[in-house]
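> Take the given structure of chain C and dock chain S with the ligands to it, following the hints.
Protein sequences appear in the order of chains C and S. Our numbering applies: residue 1 is where the first sequence begins, and numbers increase by one. Our numbering applies: residue 367 is where the second sequence begins, and numbers increase by one.
Treat the hints as calculated values from the structure; they're not laboratory data. Note that CB positions come from ideal geometry on N, CA and C, so glycine has one too. Some clues are possibly wrong.
Distance condition first, Cα-Cα at most 25 Å in a straight line; then the derived DSS-like pairs of lysine-lysine [said to hold, decoys possible]: (1) 370/S to 387/S; (2) 170/C to 372/S; (3) 170/C to 370/S; (4) 190/C to 490/S; (5) 481/S to 190/C; (6) 170/C to 490/S; (7) 170/C to 371/S.
Away from chain C, derived, C-beta distances all over 12 Å, residues of chain S [claimed, not checked]: (8) 368; (9) 369; (10) 372; (11) 389; (12) 402; (13) 404; (14) 409; (15) 413; (16) 414; (17) 445; (18) 447; (19) 471; (20) 474; (21) 490; (22) 491.
Derived list of chain C stretches under chain S, where covered just means 3 residues or more per stretch with a C-beta under 8 Å from a C-beta of chain S [said to hold, decoys possible]: (23) 156-166; (24) 170-177.
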Amino acid sequence: MTMTENNSGLILIIDDEESIRDGCTQALEKSGYTVLATGDGHEGVRIAREKHPDIAYVDLKMPGIPGMDIIDILSREIPDIVLIVITGYASIISAVESMKKGAYDYLPKPFTPDQLRAVTTRGIDHRNLTLETRRLKEEKEQVEKNFITFVSHEMRSPLVTIEQYIESLKVIAGDCLGEDAMHIIERCEKRIQNLEALVEHWLDISKIENGTLTQKKEPVNLAAIVARSMEEMIPLCQRRGLEMEKDIPGDLPAVIGDEESLVRVLINIIGNATKYTPSGGRIHIGAEYDDLDVRISISDTGTGIPKDKIPFIFEPFFRGKGKEDRQRGSGLGLTFCKKIMEAHDGSIEVQSKEGEGTTFLLKLPR
Amino acid sequence: MTAKKKILVIDDDMDFLMATKLILESGGYEVFLAEDGKSGVDMVKSVAPDLTITDMMMETWGEGFAVVSKIRSMEQGKDMPLIVLSAVDLQGPYQSYEPSDEFPKVNMVLHKPVKADDLLKYAKQLLR
Ligand SMILES: Nc1ncnc2c1ncn2[C@@H]1O[C@H](COP(=O)(O)OP(=O)(O)OP(=O)(O)O)[C@@H](O)[C@H]1O
Ligand SMILES: [Mg+2]
Chain C
1 MTMTENNSGL ILIIDDEESI RDGCTQALEK SGYTVLATGD GHEGVRIARE
51 KHPDIAYVDL KMPGIPGMDI IDILSREIPD IVLIVITGYA SIISAVESMK
101 KGAYDYLPKP FTPDQLRAVT TRGIDHRNLT LETRRLKEEK EQVEKNFITF
151 VSHEMRSPLV TIEQYIESLK VIAGDCLGED AMHIIERCEK RIQNLEALVE
201 HWLDISKIEN GTLTQKKEPV NLAAIVARSM EEMIPLCQRR GLEMEKDIPG
251 DLPAVIGDEE SLVRVLINII GNATKYTPSG GRIHIGAEYD DLDVRISISD
301 TGTGIPKDKI PFIFEPFFRG KGKEDRQRGS GLGLTFCKKI MEAHDGSIEV
351 QSKEGEGTTF LLKLPR
Chain S
367 MTAKKKILVI DDDMDFLMAT KLILESGGYE VFLAEDGKSG VDMVKSVAPD
417 LTITDMMMET WGEGFAVVSK IRSMEQGKDM PLIVLSAVDL QGPYQSYEPS
467 DEFPKVNMVL HKPVKADDLL KYAKQLLR
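Excised from the complex, chain C in its bound form (with noise of 0.2 Å):
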């Protein structure tokens, strides 16, 4: 079936030759399209400009203006319009170069009204097929970000409940309670609070991905984002029995970044050298730098990592198998490092030896 005779959409076509005009304008009009034409071609791009036709046919040789340049601009300009160069020396050079400025099409002179409708109705398909797809991008990024504001709404909220409601168990029956039932509320706290540091982790790598994790750009100071996240976890190494040091130059240049996420990156690093260092161990951190980038490194005398789970460990929900509580996690903790670092166009990289000890890497831009 063809769908010659009902068509719909709005059809401008540039060309300083008259019978070409109106031969175009007929041949259009019959299949149901409104067509605009002038054969001048600042009239064109003006008309283009207010009207927004769905498919421009230019002419690529008028005077004034050469065609070459109107199909630059409109291409820049309005958004979804299909360009179709008419061609009066059927030149595959000038054909292609106007492809490369954003043509979709050419149509060599001279043409019958039936090659006319068939590039018309391909053109108009091609724009249906952009608009489409595009529409369906959009509504996809809709769903993901609804979703990601309905899953933490959803799952904080009962999260948060469940932790008030043990707060006020402890206020109301606290003192009635034998060291066996606070034991287990303990416990209930410690398994609520991973679970909520496990939504939290994964809320900000959605977010990460679909873009809406806001992240400043400006200057950061890498000198104090280690020592902000080292006050931070300092309290944790005592209570681990680990000693933490630093040693950073003074003179470590500024690196464009968002603080806060750095400081996060830092924490979460610093962190998994407390769960997997036993105490009486040490955490270092050290930063150099030269002409292209910035390093830290955060360095600890544990466990280590074994050689063959190094490449899975950046990976979403790897967990290597601590059984001590302390080693609990979600597995998430380096694949929101590796996604800031990406983020910031920099690494991370991870050096390790089993018994002797792991170094984390890393590198911005400067």
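Just chain S with the ligands now, kept in the frame of chain C:
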């Protein structure tokens, strides 16, 4: 003996309300609960609480703020201490909210869940 101080808690999660009520009652307060913003505002008028604690995220992000504005525009709520509870990290999807100049000041913002000790401590502080 002085009468018990009255605290109104507004939140759309009934379980959260119950938990908060138990904590506040242990501190010797009389506690009133409202499950949505509108009845919360009505109760500020009918109960005339000494302190109101309201969630920031009921239905929509805006409602908590609307409730606060409304309360502040009322005779009974003009000078009443007001605590806002929030479970949202402001980095999240709601960051686009920017408090306007005329946004009525709240006395305190606390993050959910609230430690029982903290809640009682701050309530006492604001009710002095
Ligand atoms: N410093 C380290 N020493 C030894 N093993 C490590 C170290 N850092 C990471 N690992 C290994 O890499 C795995 C993945 O780390 P990642 O931080 O992604 O997850 P996690 O720490 O298990 O959980 P969380 O998401 O809570 O951080 C860990 O389970 C652990 O086996
Ligand atoms: Mg970790």
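> Does each hint fit the structure? Answer for all of them.
We went through each hint and held it up to the structure:
1. For the proposed pair residue 370/S and residue 387/S, the alpha carbon gap of about 14 Å is at most 25 Å, so the pair holds.
2. For the suggested pair residue 170/C and residue 372/S, the alpha carbons sit about 23 Å apart, so the restraint of at most 25 Å is met.
3. For the given pair, residue 170/C sits about 23 Å from residue 370/S by alpha-carbon distance, which is consistent with the 25 Å threshold.
4. A threshold of 25 Å between alpha carbons decides the hint, and for residue 190/C with residue 490/S the separation of about 29 Å lies outside it, so the pair is violated.
5. As the CA atoms of residue 481/S and residue 190/C are separated by approximately 15 Å, the hinted pair is consistent with the 25 Å bound.
6. Pair hint residue 170/C plus residue 490/S holds up; C-alpha atoms about 19 Å apart against a cutoff of 25 Å.
7. At most 25 Å may separate the alpha-carbon atoms for a hinted pair to count; residue 170/C and residue 371/S meet this at roughly 23 Å.
8. Distance check on residue 368/S: its Cβ is at least 23 Å (rounded) from any Cβ of chain C, clearing the 12 Å threshold; non-interface status holds.
9. Consistency note on residue 369/S: stated as away from chain C, and its beta-carbon is indeed over 12 Å from all of that chain's, at 22 Å minimum.
10. Here residue 372/S stays apart from chain C, with its beta-carbon at least about 19 Å from theirs, past the 12 Å limit.
11. Remark: the non-interface label on residue 389/S conflicts with the geometry, its nearest Cβ contact in chain C lying 5 Å away (cut-off 12 Å).
12. Once the 12 Å rule is applied to beta carbons, residue 402/S is consistent with being away from chain C; the minimum gap is 15 Å.
13. Non-interface call for residue 404/S relative to chain C: holds, since the shortest CB-CB distance, roughly 20 Å, exceeds 12 Å.
14. Chain C leaves residue 409/S outside its interface by the beta-carbon criterion, the shortest separation being 21 Å against a cut-off of 12 Å.
15. The claim that residue 413/S lies off the interface holds: its Cβ sits roughly 22 Å from the closest Cβ of chain C, which is beyond the 12 Å cut-off.
16. For residue 414/S, the condition that its CB be more than 12 Å from all CB atoms of chain C holds, with the nearest at approximately 25 Å.
17. Non-interface status of residue 445/S relative to chain C is upheld: no Cβ of that chain comes within 12 Å, the nearest being about 28 Å off.
18. Residue 447/S, annotated as away from the interface, keeps every beta carbon of chain C farther than 12 Å; the closest lies near 21 Å.
19. With a least beta-carbon separation of about 25 Å from chain C, residue 471/S lies farther than 12 Å from that chain, consistent with its non-interface assignment.
20. Distance to chain C confirms residue 474/S as a non-interface residue, since its nearest Cβ pair spans about 17 Å, more than 12 Å.
21. Listed as a non-interface residue, residue 490/S keeps its Cβ farther than 12 Å from every Cβ of chain C; the least gap is roughly 14 Å.
22. At roughly 18 Å from the closest C-beta of chain C, the C-beta of residue 491/S stays outside 12 Å, upholding its exclusion from the interface.
23. Coverage of a stretch by a chain is defined here by at least three residues with a beta carbon nearer than 8 Å to that chain's beta carbons; for the region 156-166 of chain C and chain S the count is 7, and the condition holds.
24. A count of 3 residues in the region 170-177 of chain C with a Cβ less than 8 Å from any Cβ of chain S is obtained; the coverage claim is therefore met, three being the minimum.
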